[in-house]
Amino acid sequence: MNKLPEPKQPEKLIDEKGLRIDGRRLDQLRPLKLEVGLLDKADGSAYIEQGKNKILVAVYGPREAHPKHIAMPERAVIRCRYHMAPFSVDERKSPAPSRREMELSKVIRESLEPVVLTDLYPRTTIDVFIEVLQSDGGSRCAGITAASLALADAGIPMKELVAACAVGKIQGKMALDLSDAEDKYGDADLPVALVPNMGLVTLLQMDGNLTTAEFEQGLSMAMEACKTIHSMQRETLKKKYATIKDAVEEREEPEIVA
Amino acid sequence: MVLVAEPKQVVAPGELLAEGDHLLGDNAYKIGTQIFSACIGILEIDGNTVFVVPLKGGYFPRAGDLVGGRIVDIGLSGWSVDIRAPYEAMLPASETPGPRGPRRRDLSSSFDVGDMVLAEVLDFDRTRDPLLTAKGPGLGKVSTGRVVEISAAKIPRLIGRKGSMINMLKQETRCQITVGQNGIVLVWGKSPEDERVAVEAIYMVEREAHTRGLTDRIREMISKSRMVEQVAGTQTA
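For the protein sequence lines, the chains are A and B, in the order given. Note that my numbering numbers the first sequence so that position 219 is 219, with each residue one more than the last. Note that my numbering numbers the second sequence so that position 106 is 106, with each residue one more than the last.
Only chain B is shown next, with the shape it has when bound in the complex (with noise of 0.2 Å):
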């Protein structure tokens, strides 16, 4: 059990990265006994199991993701959405609140096309489009706040370690933040300053995701531009 290359560490596709009997994790392959990147990332090492998470790449849907689409088109009993994945997911009508039963009116006075969903993934496997439902708490339609969209690669960076990253977002930017699994974020502020703040905060993680330290230097960057939107607001006071 020998590790090649360094955990933390940028890895490019076939970088070696372990030989040996690990376990083999995410975005990895095994030749024999050797263990190599599929893509690039960061190599990183749990107990055993040896997996790279990706710098980049699109969404790819998971049965329970909660995600942000747009409504692309209205059909006779469900709606199309662009979830920002390789295939176009599927609203029906009856995962949506409501009355239950067949509607005679027209969809689109639900959601219309170019509206925002919240929506969770109910199922999805290979041989089929995914699944929505927007039934739950919190799901449907978004009409207010702010739609901040990064790279889904991103997302587990932004959430952090047990929520780490989100939790200090939220307190420090006084802003709720709700985080699609496909990239789409959703920032509710009660000033339009806050939600600035936790849009560029958002953007400064996606930049850089790959770095140490960016917990400390997010929650620096957020008091800096308080101190400066204070420093402005006694001025014209």
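Here chain A stands alone, though its shape is the one from the complex (with noise of 0.2 Å):
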């Protein structure tokens, strides 16, 4: 069987007019696309498309716990389960949890922990499942903004809905939203997960070499590109209900004007 070619190496990250492979910026995001309560079973649901990335997230709880040892007396557990489809990557990947994605279920639920009022639901569980359709880099980052929509949709109460976006190094250059091949060819990657409100940093892992300055270059970019996201989130949460809304008191209108 042939094996498919590996996708070659761009000869250039950033061409002469300062511009990216998918024509980019260095501070600009990917096209964002968000949609909140898709699936019917699930108590909460939300979809996120940030460039290739497609990714499905399903939350389900508060509800009992089972196994019964894992719940808390005093506090629901959140577990979280993040997944690669088969078909998400160029390879075929083996649909087992893999050591990367066990660590990133962890940091995951880690960067929703502090936001969810879990103090409110004791012996219980709430369940997110983040299931990646479609992988292109960020994917952390994106399903944890699409996570924290889900959760925000399953009316489990929380303070605020957290955001994320990677920032990165590509040719010595800082660059934001680091896309699959800028991911792979570039020279670091930062992921940042915020709070914006309380001003929360509740993911930060790095890969790669930066300087203090370029850290803290890539961190302010990173924010600002989270507050962009941020205030995205919440239009998309709002817009469901303000859609049923609009529907149904426009038929009423006529009337009150007349």
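These are computed hints drawn from the structure, not numbers from a lab. You may find that some hints are simply not true.
Stated by the list, open to error - Here are the simulated PhoX-like cross-link-like pairs (lysine-lysine), alpha carbons at most 20 Å apart as the crow flies:
#	chain 1	residue 1	chain 2	residue 2
1	B	8	A	239
2	B	170	A	159
3	B	8	A	238
4	A	52	A	8
5	B	190	B	162
6	B	170	B	190
7	A	54	A	245
8	A	33	A	240
9	B	8	A	245
10	A	52	A	93
11	A	240	B	30
12	A	227	A	239
13	A	184	A	8
14	A	240	A	17
15	B	8	B	162
To be verified - Per label pair, the in silico range of CB-to-CB distance:
#	chain 1	residue 1	chain 2	residue 2	range
16	A	134	B	16	35 to 41 Å
17	B	234	A	133	52 to 58 Å
18	B	123	A	207	51 to 57 Å
19	A	220	B	128	26 to 32 Å
Claimed, not checked - Partner residues are not named here, just some residues of chain A that face chain B (Cβ under 8 Å, in silico):
#	residue
20	153
21	197
22	241
Since the structure is predicted, the reported quantities are computational estimates derived from the model, not experimental observations. A virtual CB, placed ideally from N, CA and C, is assigned to each residue, including glycine.
Make one complex out of these two single chains by using the hints.
Shown next as structure tokens:
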């Protein structure tokens, strides 16, 4: 059987005009699309498209903890599964949870835990399932963005939505929201999750090397981007109810005018 | 004392609602003097209290609540009941009507697995599972009527201010309606048509709970479907 050719390494990640391989500027996010409440069976759900990333998140709970011994007497336990579909990458990925997926499940869970008011639901679990349908770099951040939306959509009390975005270094320059190729052939990657109103960073990882100045520049770029994403999250969440409201109240309007 | 967001508006978690010496109500939290929303819902102000009525969310038991539930298991001295809460409720045999004292006979002769019961939450706290009672007028096994399951978050809207919505529904649909706080609504009508209209109206309340002028719109919907029925009735006659 012929193997698919390895995706070629691009010659340059940044061209002469200072644009990246997908035509973005260094401080530009990939196109972002958010949706909530698309799954009927789940208590809450969200879908995100960020560049070529396509991620679906389902939230269940708070519900009875099974197995019983994982339940905590004073608060809800959040369980999180980040999983990549076998068809989400160039070469088939084994559907079994890999080392990387377990790590991401853990860091995503820890980035959501500080905002969820878990002490309201003792002895229960809240389950978050993050299913990556198509992956394109920065999927842990997109996963967090979508997961916090799905939690809110489930009506779970939480202090704030969490927004996440990565920055990285490509060809010696700091760039926002790395794509798959930029992540692979770039010099460093720095995913950040932010709770904007509280100024709380709930995820901060780094792959590669950055100088202190680069790190600081990158962090502030990522935090700015998180704020942009955060306002989109809020809008998406409210839009779901606003559309129903508009649709039913519109029918009334002529009567009010008359 | 400044209101930042507008009352009756849909608010998202983390949204700033008010600043100053407001009192903190449900589904909101305070940092310093600022009050934020803790869930997706509608902002409401009652006097000086700022709170959010959630648009989604499951049922969380409270003592005194009337709930509908399904029997899921039969134990030696009682039943386990699914009341659509994060906790499985217990209905002891001693809390059911009938002769007192230990029962020799199989408990399934009273309630069997899968039966729907109407019960009241006797007791519940964070450390123990909810305890139910089926003693009381109207409580016990439900074997007739229709069961409508809606989100527990929409129950306050279904009842309405001082029962305005539910009273209108009962009157207009000519059905007897019992509302469980956990989102299980029981409907008994004189005819299947009456029940169908009532069920449809209840789903409509669930779908459009956060909109203005809902009571009038529901009334209109009911009278419309009545007219359709009458026309259909004369045609067949």
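Each hint, compared with the structure:
no.	hint	result
1	B:8 to A:239	holds (15 Å)
2	B:170 to A:159	violated (39 Å)
3	B:8 to A:238	holds (13 Å)
4	A:52 to A:8	holds (18 Å)
5	B:190 to B:162	violated (26 Å)
6	B:170 to B:190	holds (12 Å)
7	A:54 to A:245	violated (29 Å)
8	A:33 to A:240	holds (14 Å)
9	B:8 to A:245	holds (12 Å)
10	A:52 to A:93	holds (17 Å)
11	A:240 to B:30	violated (26 Å)
12	A:227 to A:239	holds (18 Å)
13	A:184 to A:8	holds (11 Å)
14	A:240 to A:17	violated (40 Å)
15	B:8 to B:162	holds (18 Å)
16	A:134 to B:16: 35 to 41 Å	holds (36 Å)
17	B:234 to A:133: 52 to 58 Å	holds (54 Å)
18	B:123 to A:207: 51 to 57 Å	holds (53 Å)
19	A:220 to B:128: 26 to 32 Å	violated (49 Å)
20	153	holds (7 Å)
21	197	holds (5 Å)
22	241	holds (5 Å)
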